[in-house]
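Number of protein chains: 2
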Amino acid sequence: MFKKIALVGIGLIGSSLARVARRENLARHIAISTRSRATLERAEELDLGDSYSLDPKEAVEGADLVIVSVPVGASGAVAEEIAPALKKGAILTDVGSTKASVIAQMQPFVPEGVHFIPGHPLAGTEKSGPDAGFADLFRNRWCIFTPLPDTDPDALEKLSEFWRRCGSNIDTMDPQHHDMTLAIVSHLPHIIAYNIVGTADDLESVTKTEVIKYSASGFRDFTRLAASDPTMWRDVCLHNRDAILEMLARFSEDLASLQRAIRWGDGEKLFDLFTRTRAIRRSIIEAGQEIDAPDFGRQAVDHPAKT
Amino acid sequence: MFKKIALVGIGLIGSSLARVARRENLARHIAISTRSRATLERAEELDLGDSYSLDPKEAVEGADLVIVSVPVGASGAVAEEIAPALKKGAILTDVGSTKASVIAQMQPFVPEGVHFIPGHPLAGTEKSGPDAGFADLFRNRWCIFTPLPDTDPDALEKLSEFWRRCGSNIDTMDPQHHDMTLAIVSHLPHIIAYNIVGTADDLESVTKTEVIKYSASGFRDFTRLAASDPTMWRDVCLHNRDAILEMLARFSEDLASLQRAIRWGDGEKLFDLFTRTRAIRRSIIEAGQEIDAPDFGRQAVDHPAKT
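First to last, the protein sequences are chains P and H. Residue 451 in this note's numbering sits at position 43 of the first sequence; the count goes up by one each step and never skips. Residue 693 in this note's numbering sits at position 285 of the second sequence; the count goes up by one each step and never skips.
So that you can see chain P by itself, here it is in the shape it has in the complex (with noise of 0.2 angstroms):
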């Protein structure tokens, strides 16, 4: 599909779409470049690509295809490294999860003849580095275009074959829209993840060890977002605060209703809530987004001898 693939960043996102860039053959050469040399090594003992630099300049001469892969936060500096080294027709995209800071951090050193494409792939787990990433991360998972009012439709299209021959469904929407969006399915979800599990290694009546001992009964399902890459989700706090600030206030609000319900003893409000809920699910399970499996097919590995 491309001469030469340009990847500037490699750690669970960028070494996904270098695997399954190999494997389905999208491009005749794959440069890496990412700025520890730690991780630029550990690329190149995972034989990730064909090409390592510690210079992304380097890496994206004469790419017609450069995805950078790195936390929102860093996206501006990138591009303006970068620019002076692009090639005049190449397609330049990213994976960040907000949009609107991305665009107003990146296009200013887009140069003229460069497709500047901002993307987000939806496919992540809780781990992070070149190790974690996996061909089959993108499969059956969304990835969002939010192309600006330029864009080339011809080369919108080639990236988008791109990405469905790495496995993924393809939407555009607009960079405010998505950053609204991904507040509520993404950004919010993590941050109280995070907060409950901050919450709970504070406590002094409760040990730690009862914590760790006791998290089946629901908690441990909130430690694995927590577990997440914390310059990450720091870089995506700051730069789709806005949103995130919104549907905190929405959500606050929500568990202060609840909260009084349970005060006051108002059984029928708990219920009304605890039933409505349930419905969510099924639908996330017939869109093909979640297993059926009870405990997300858990069950299934550490009891393995279900009857």
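I should point out that these hints are in silico values taken from the structure, not numbers from a laboratory. Incorrect hints may appear among the rest.
Only pairs whose alpha carbons sit at most 27 angstroms apart, straight line, appear in this in silico DSSO-like list of lysine-lysine [unchecked claim]:
| hint | chain 1 | residue 1 | chain 2 | residue 2 |
| --- | --- | --- | --- | --- |
| 1 | H | K677 | P | K535 |
| 2 | H | K411 | H | K566 |
| 3 | H | K677 | P | K616 |
| 4 | P | K677 | H | K495 |
| 5 | P | K677 | H | K496 |
| 6 | P | K495 | P | K566 |
| 7 | P | K465 | P | K566 |
| 8 | P | K495 | P | K535 |
Just so we're clear, the structure is a prediction, and the values are computed from it rather than from any experiment.
With chain P held as given, fit chain H onto it using these hints.
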């Protein structure tokens, strides 16, 4: 182990007990009672026991072990109903998620000579009803007893042995400490999950279709707990009120502080919290209460061709 076990209530927990008691040969006779005719008929179709009755008095007659597995709000009424039919020397236990309330409800009805030992197996899934149970539900999970001051040690040991044969590890603690511990490791996580799913369900700017489509980016993790049995969780909220309100207050305080860090761009504070919470998941995995596979091992299910 027992001549006759009576199971009052045959939902997820009761039906799992029936299955494991039969598999491990823990009773000569398993009597099943539930107040819903449809559920009782289903239990019989599934061949979960040896006798079936809508009248719990009939089921507990002559039983050496009576296990009450009903929503905690119903435990007092059940105790009152079965009390006259309990055999002298029998062990009476429950599986409720709150202990002080269950003790207050049941103990007044327990006849002289019957060993009442409150218990709580920390096991479950988001599914409910007799079809949802399975014999390995309790394997490697904790079962907590909150014995009363006059509990007979022999009876406690016999009940402990029963649960060990069901696969559980045994702990004992006082009821107040149990209720406070469970408020943070189980009740708060469920309440938060119900709340965030409710908040998302109410949004007008993001459609419900979008919440469902893009849920894999974090939100879907919360929907599992929020799909749990509404009656059970209404009762937990009503019957562990004080401990839950205490934990909710701490959670909300922490969230307000986190929100402030987001508003004022305090990246260092965010990074510190997001780093601290990672360690807890590692400890839970090491304690054998969680699997190490990314994404709860879901990848293995929906991404079979992992490379």
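Hint-by-hint comparison with the structure:
no.: 1; hint: K677(H) with K535(P); verdict: holds, 22 angstroms
no.: 2; hint: K411(H) with K566(H); verdict: holds, 13 angstroms
no.: 3; hint: K677(H) with K616(P); verdict: holds, 22 angstroms
no.: 4; hint: K677(P) with K495(H); verdict: violated, 40 angstroms
no.: 5; hint: K677(P) with K496(H); verdict: violated, 42 angstroms
no.: 6; hint: K495(P) with K566(P); verdict: holds, 16 angstroms
no.: 7; hint: K465(P) with K566(P); verdict: holds, 23 angstroms
no.: 8; hint: K495(P) with K535(P); verdict: violated, 33 angstroms
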